[in-house]
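Student: Listed below are the residues making up each chain.
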Amino acid sequence: MRLLSQWLNDGHMQQSGTGPAQAPNRAPAADQDGSAAIDVAHLVKVYKTTRAVDDISFRIARGSITGLLGGNGAGKTTTIAMIMGLVLPTSGSVAVLGAKIPEQRYDVLGRMNFESPYVDMPMRLTVRQNLTIFGRLYAVKHLRERIDQLAADLDLTEFLDRSNGKLSAGQKTRVALAKALINEPDLLLLDEPTASLDPDTADWVREHLETYRKTHNATILLASHNMLEVERLCDRVIIMKRGKIEDDDSPERIMARYNRDTLEEVFLDVARGRVREGAHE
Amino acid sequence: MSEIVSHQPRGISLHRINAMVLRYWYLLMSSWPRLLELIYWPALQIITWGFLQNYISQTSGFFAKAGGTLIGAVILWDILFRGQLGFSISFLEEMWARNLGNLMMSPLKPIEFLLSLMIMSLIRLAIGVIPMTLLALFFFGFNFYAIGLPLIAFFCNLIFTSWSVGVFASGLVLRNGLGAESIVWTLMFAVMPLACIYYPVEVLPDWLQYVAWTLPPTYVFEGMRSLLIDHVFRADLMAWALAINAILFAASFAVFLALLQSAKRHGSLLSGGE
Numbered sequence: 001m002r003l004l005s006q007w008l009n010d011g012h013m014q015q016s017g018t019g020p021a022q023a024p025n026r027a028p029a030a031d032q033d034g035s036a037a038i039d040v041a042h043l044v045k046v047y048k049t050t051r052a053v054d055d056i057s058f059r060i061a062r063g064s065i066t067g068l069l070g071g072n073g074a075g076k077t078t079t080i081a082m083i084m085g086l087v088l089p090t091s092g093s094v095a096v097l098g099a100k101i102p103e104q105r106y107d108v109l110g111r112m113n114f115e116s117p118y119v120d121m122p123m124r125l126t127v128r129q130n131l132t133i134f135g136r137l138y139a140v141k142h143l144r145e146r147i148d149q150l151a152a153d154l155d156l157t158e159f160l161d162r163s164n165g166k167l168s169a170g171q172k173t174r175v176a177l178a179k180a181l182i183n184e185p186d187l188l189l190l191d192e193p194t195a196s197l198d199p200d201t202a203d204w205v206r207e208h209l210e211t212y213r214k215t216h217n218a219t220i221l222l223a224s225h226n227m228l229e230v231e232r233l234c235d236r237v238i239i240m241k242r243g244k245i246e247d248d249d250s251p252e253r254i255m256a257r258y259n260r261d262t263l264e265e266v267f268l269d270v271a272r273g274r275v276r277e278g279a280h281e
Numbered sequence: 001m002s003e004i005v006s007h008q009p010r011g012i013s014l015h016r017i018n019a020m021v022l023r024y025w026y027l028l029m030s031s032w033p034r035l036l037e038l039i040y041w042p043a044l045q046i047i048t049w050g051f052l053q054n055y056i057s058q059t060s061g062f063f064a065k066a067g068g069t070l071i072g073a074v075i076l077w078d079i080l081f082r083g084q085l086g087f088s089i090s091f092l093e094e095m096w097a098r099n100l101g102n103l104m105m106s107p108l109k110p111i112e113f114l115l116s117l118m119i120m121s122l123i124r125l126a127i128g129v130i131p132m133t134l135l136a137l138f139f140f141g142f143n144f145y146a147i148g149l150p151l152i153a154f155f156c157n158l159i160f161t162s163w164s165v166g167v168f169a170s171g172l173v174l175r176n177g178l179g180a181e182s183i184v185w186t187l188m189f190a191v192m193p194l195a196c197i198y199y200p201v202e203v204l205p206d207w208l209q210y211v212a213w214t215l216p217p218t219y220v221f222e223g224m225r226s227l228l229i230d231h232v233f234r235a236d237l238m239a240w241a242l243a244i245n246a247i248l249f250a251a252s253f254a255v256f257l258a259l260l261q262s263a264k265r266h267g268s269l270l271s272g273g274e
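As you go down the protein sequences, you meet chains D and G in turn.
Everything in the first sequence is counted per this note's numbering, starting at 1 for the first residue and increasing by one.
Everything in the second sequence is counted per this note's numbering, starting at 1 for the first residue and increasing by one.
Calculated from the structure, these hints are not laboratory results.
No false leads were slipped in.
Pairs of lysine-lysine, DSBU-like flavour, derived with a Cα cap of 35 Å:
#, chain 1, residue 1, chain 2, residue 2
1, D, LYS244, D, LYS214
2, D, LYS214, G, LYS109
3, D, LYS214, D, LYS241
4, D, LYS244, G, LYS109
5, G, LYS109, D, LYS172
Sample of chain G residues lacking proximity to chain D, with all beta carbon distances greater than 10 Å (derived):
#, residue
6, ILE47
7, THR133
8, LEU137
9, PRO193
10, LEU204
11, TRP207
12, TYR210
13, LEU227
Note that the Cβ used here is the ideal one computed from N, Cα and C, for glycine as well.
Extracted from the complex, chain G is given alone in its bound form:
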């Protein structure tokens, strides 16, 4: 063995995860449009929905009482959606750059690759969502951080769901090539109507409510409304969300590995095209 290579641990290597995070950091810092894109849409979202919230709270007693539910929902939805995009776009960068073959031939393990994508998802989320929360405070007087400790439970559950969806969508692109790229951009929107972001679960037909309760974000958005309207933190809802997230997370990893194996059987790792 060459003397120039250090001993590498048999399990997960923090050095390799760190190398991948550095790779995405370099990319982000080399491209101002990429940075701007992270802030642009969340900022537009919060301003548009914030003014709508202001308007309807002047005309509706309910919304006047439930101040901030709309803005809170917009911010939490963005954590869910941008968390997944932050994960998947970093993965897509490898496909666009035709770099996946280099990575797969290096000692980088799939679990390390996925962990680095999760870290990047947090970094990209912070760049996009922190300015969004500051805009909500400045324009609409909504202090997102005043939610306090429950915010940690909301955030953890949403980010776990976003990673599960991101891992699954990335696996589909890995197996099917960039022809499946649109899945990355649209998959989370399939969750949107059932997660009851802007309305309570009771609005849905009875049979659809059963489906909605299989999704962790439903518990988070119900929990948020309970906190902002009734000032009650529903720990039971967060526990349920966490349990379902654990199942989703494990399932998404298993599916990703199965799709990776399938890509190797079909020889699509080196092509990666349409």
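Only chain D is shown next, with the shape it has when bound in the complex:
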């Protein structure tokens, strides 16, 4: 039975005493009391000798948009990957929608989704075929109507029967976003959602994410290098540097603390170690 349980659950033992015993689509107990959508405590990830993530803790409220900022190698992608359960932490804990990750990730995977530049949709398949497959994996009801609706929302209708490999970068990003929204997730994890997009398309994607958050009370965690994007979208910003949390507050308060007018200036201050007098008080 133990071996069978491991086969069914990705090699992780399901913790019967500590987690939700109900079906995956029902909210776990800890999920119903209004607790955080994401709860990260003392998370550490060490690759050989590199501490990619170094003892970080944060809680993300439901229905919020949080930006994870930081330069290359700051630990943003590793943090998101640990939240998704694709990378195992060296120590510390992650809970998503009340479920422990990675032990109970299959209880909540149907309520999450993600988009990342590190993954692609199969190129030879058409947009409709790709969305059909992911819709089936997420057990989406009335899938054909859902795909048509997403295609209309994301301006993909005319590309639905075109193979993914024949789309432009902007169109591919919209398809990836359609895949990320196919199951109307309660939690959306986005890694550089507007990278490689022209300003018009990027703005359009941001607007769509804002609308989605408002209409679905969804929680969004996004890692980005685009400071304007973070300023516009996020209620809260977590700035990471060398695996640690350098600052964590609303964009307005962070800018005020650093005595800067834009997050980009704050980012440069942090990245170059020019922390202003009065910051972190």
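Add chain G to chain D, keeping to what the hints say.
Tutor: The following block gives chain G in isolation, referenced to the frame of chain D:
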């Protein structure tokens, strides 16, 4: 929870397996070179070896008596080899497409993923091997299906071995990235000399025979020769093969899960490159 998502069972979901089979079916149907490749090599194999069998049966009394052993061995070897390739290539398609992260983040469970790869291995095998058997009948008068019920035992044992090797090779690629891709193409050839496809086990040195008998295909090819030459079906050989296959199958799954965990520890699931 969103209203648009149906209740999903806690255990294995046939819907998700079906979705993955559909994904590979779409891929196969979108690419004629992929389809052609499935038929091309098996067809060449059977024609080449079939003519060789014709030639040596004219010059050798043994082969004249043991009609079809060479062609039968070629077809059974192809079931073993193509079965594994059918499994592993579908897995590699996910690596090539950089789609593994999407799948691992979806509710698809590893066991469902592996089951869908097994179903695809059967579909790909059917596309490649059925034309091969028809060519054997048409050109060389060898009716593979005349083997009858023993064929089911041969097939099941070979396909189980091919899946075990496929699961193991896929785990290695999952852990080590596409740099380990060549293992997928070559691993089965390590079995080839010891499985005694074209010659009896007694040909091997005594100590190597012990090694050969640890491999389920050895029992199948011995069983095939016994059937075609002596007209005796050796059920004992098939039972042994099945027992060893059960151990190999369970071991390959355990190794795959261990390699998946290792990939998660090393952060290689999102990279998947070299």
